[in-house]
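Trainee: These protein sequences, in sequence, are chains H and Z. Per this note's numbering, the first sequence starts with residue 69, numbered consecutively. Per this note's numbering, the second sequence starts with residue 69, numbered consecutively.
Errors might be hidden in some of the hints.
Since copy identity is lost for identical chains, a pair holds within one copy or between any two.
[Unchecked claim] Dumping the calculated DSBU-like pairs for lysine-lysine here, alpha-carbon to alpha-carbon at most 35 Å: (1) 332 x 365; (2) 440 x 308; (3) 268 x 308; (4) 440 x 306.
Everything labelled a hint here was simulated from the structure, so no lab data went into it.
Protein chains: 2
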Amino acid sequence: MSDRRSFLKTAGALVAGAALLKPSRLFAARAEGGVSQTSGSFSSKGAFALSWKPFTGQLKYSFSISTNTRSSTPIILTQLRWQGLVGYGEASMPPYLGESQASVDAFLQRVVAEVLPRFDDPFRMEDILSEVDRLAPGNCAAKASVDIALHDLCGKIMGQPWWKIWGFDAADTPCTSYTIGWDASDDIVREKTHEASWAKVLKVKLGRGDYEDKRMITLIREINPDTPIYIDANQGWKNKRYVLDMIHWLKERGIVMIEQPMSKTDLDGHAWLTERSPLPIIADEACQRLVDIPALKGAYHGINIKLMKCTGMREAREMVSLAQALDLKLMMGCMTETSVAISAAAQLAPKMQWADLDGNVLLSNDCFTGMKLVEGKITLNDLPGLGVSPI
Amino acid sequence: MSDRRSFLKTAGALVAGAALLKPSRLFAARAEGGVSQTSGSFSSKGAFALSWKPFTGQLKYSFSISTNTRSSTPIILTQLRWQGLVGYGEASMPPYLGESQASVDAFLQRVVAEVLPRFDDPFRMEDILSEVDRLAPGNCAAKASVDIALHDLCGKIMGQPWWKIWGFDAADTPCTSYTIGWDASDDIVREKTHEASWAKVLKVKLGRGDYEDKRMITLIREINPDTPIYIDANQGWKNKRYVLDMIHWLKERGIVMIEQPMSKTDLDGHAWLTERSPLPIIADEACQRLVDIPALKGAYHGINIKLMKCTGMREAREMVSLAQALDLKLMMGCMTETSVAISAAAQLAPKMQWADLDGNVLLSNDCFTGMKLVEGKITLNDLPGLGVSPI
Chain H
69 MSDRRSFLKT AGALVAGAAL LKPSRLFAAR AEGGVSQTSG SFSSKGAFAL
119 SWKPFTGQLK YSFSISTNTR SSTPIILTQL RWQGLVGYGE ASMPPYLGES
169 QASVDAFLQR VVAEVLPRFD DPFRMEDILS EVDRLAPGNC AAKASVDIAL
219 HDLCGKIMGQ PWWKIWGFDA ADTPCTSYTI GWDASDDIVR EKTHEASWAK
269 VLKVKLGRGD YEDKRMITLI REINPDTPIY IDANQGWKNK RYVLDMIHWL
319 KERGIVMIEQ PMSKTDLDGH AWLTERSPLP IIADEACQRL VDIPALKGAY
369 HGINIKLMKC TGMREAREMV SLAQALDLKL MMGCMTETSV AISAAAQLAP
419 KMQWADLDGN VLLSNDCFTG MKLVEGKITL NDLPGLGVSP I
Chain Z
69 MSDRRSFLKT AGALVAGAAL LKPSRLFAAR AEGGVSQTSG SFSSKGAFAL
119 SWKPFTGQLK YSFSISTNTR SSTPIILTQL RWQGLVGYGE ASMPPYLGES
169 QASVDAFLQR VVAEVLPRFD DPFRMEDILS EVDRLAPGNC AAKASVDIAL
219 HDLCGKIMGQ PWWKIWGFDA ADTPCTSYTI GWDASDDIVR EKTHEASWAK
269 VLKVKLGRGD YEDKRMITLI REINPDTPIY IDANQGWKNK RYVLDMIHWL
319 KERGIVMIEQ PMSKTDLDGH AWLTERSPLP IIADEACQRL VDIPALKGAY
369 HGINIKLMKC TGMREAREMV SLAQALDLKL MMGCMTETSV AISAAAQLAP
419 KMQWADLDGN VLLSNDCFTG MKLVEGKITL NDLPGLGVSP I
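Could you build the full structure based on these sequences and the hints that come with them?
Mentor: Written out as structure tokens, the structure is:
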């Protein structure tokens, strides 16, 4: 507990300054904080050195889904060092998913103490990441922060980006959608819509009730009548017959796809809907990890893969293979994340029908550079690993 | 047809000499044959140069399964050149599978003419191999000879063996089984059994009828009472109740696993058997490619992956992911092949419960060095790509 308390004390101080500090300087301040000090000394026992720092992502707009609203997001940025090379990783912890900077710190302390000392070869990815996964259930963002850093590191050793190592064609990437969050003020919704004019696809979070849902779509369509829109209901709708009517109403207004309309536990309801819906129905909350996928066949048209849900790039790659084999469509999603996690997710974008990788664009203080959006299209670079570097 | 005829003429001459020539010299003789001449000139148009030569694998023992017997096996050895690097590949064509040196040559001519000129980056593996696959149905060994060479090439560019690129642990490889083929002579069966004393696991081909099957097992057990034995019936058994009794008889004699007891088309019969069998039932002929796997869940305990059936390493890696997700056990098999295709298959061995990768050991004229058997255990090297080189 004293570790925890000292971390929180340090973290608090660091978080306050995080928006002002560049991560390079955050990481440079290795000795100052209980966190990196502990991990530094632990990991110096073995071939790997894992260090991490809390970072507070500042949202350009306060962010609302059907269940909560916030103006910043807690992040932990990781570095995995091996023989002079550095792999960058990230954990992003939206509060409603139950992880926090404190829980990620505690988990990474265990990775440093119980897993890393037993390995010296970063290419032992499957064993390293399996043992990280076995440390405790959940903690998916914390696990992803190790997975992403390890992939960056191994990609750098091989001198290739992961989209190449996986044999994909960078030209196959879709355009990302850009999320317009709910707002009580019509003017702010209009302002967000104007600001999103660059986007080739919009994403709108619904599920606040018929009036608010239709108000959002109507306001957006008044300003932007044509850009395709993805809907994410975040389980906000209850009655399958209402949902089917709503989907028909939405289809008439140029909506092209619906994420998680109803409760993730309502498999039969979604199967009923998928059988009748004129638009693809995609599982998001209902699809966290590889093991969830087989049951979703028939109940949804496709799945939304997010690194922070599925523990990282390794399992995400497996999910792509399984979904393709089961003829499920693929979407890549994200949390509000820096360009580290977004560039990691983007490595898989060539396999996606849809992508919602705008998490870094939603931040006012992204502290890395990596995958770029060129007129809304996910544009991968040729740099090894994730192709990211601190700003 | 004149191409075909001149190839056959050349091939005939080459095949006759193949057992005497080292492949390095075969490949060096670039100008001599219609085959390499044609492919050489074709492929020099693009960034890739694909060349190939027929090679006749000489079997140490004439090789019998329930359907045929032979003393040699037709092979085509491929080379894919790109920017001074060479990737080695191989197609092995057991006659009963319908491919031949002539059909592989004709297919590779099309690869050179219709696919390779449209690519300049070997990392476009997915597109290159998808277009190769789309050229024509079947031709799985021909397709594998391109896939394997491309993997060897890309692994060399990355400077890593594929088992590392895939994140596997080389220590996880199983021991290979060593096949004792049927023979009419008790003495030869005894001789083969003595010669196989090095093997940690034996594999016996049955399916010639109750008397012959039990004679083989009895002869082998007289000399070697303890070594675990895999049975491959190659669809040779007909009646599911007979098969269940036979499996109980075999279990009492230390047999540990049964491959393809009945016709690949008899899914219900195998489901009945799998439900009752005290030994694992593995699909071989019933499982050719990725698309076959979902239907096998419930009908078999596992699948046997062979590169010459599934078009190569890329699809084999996908089959591993899908089989794991469907909780099917995994076996890696082979044809009689040189160390090129065996070493390619061995890259996936760490994921296998069982392996039958003795194809190169069954040859008296293996012309490459690569994966080694150390006291029967598949032992991967650290060399990039497949880790093979011509002897």
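Trainee: Are the hints correct? Go through all of them and say.
Mentor: So, going through the hints one by one against the coordinates:
For the homomeric pair residue 332 and residue 365, the shortest alpha-carbon distances inside one copy (14 Å) and between copies (26 Å) are both at most 35 Å. In the homo-oligomer, the alpha carbons of residue 440 and residue 308 never lie at most 35 Å apart, since the shortest distance is 38 Å inside one protomer and 60 Å across protomers. In this assembly of identical chains, residue 268 and residue 308 lie within 35 Å of each other by CA distance solely inside one copy; the values are 30 Å within and 59 Å between copies. Proximity of residue 440 and residue 306 under a CA criterion of 35 Å is satisfied in neither setting, with 38 Å inside one chain copy and 60 Å between copies.
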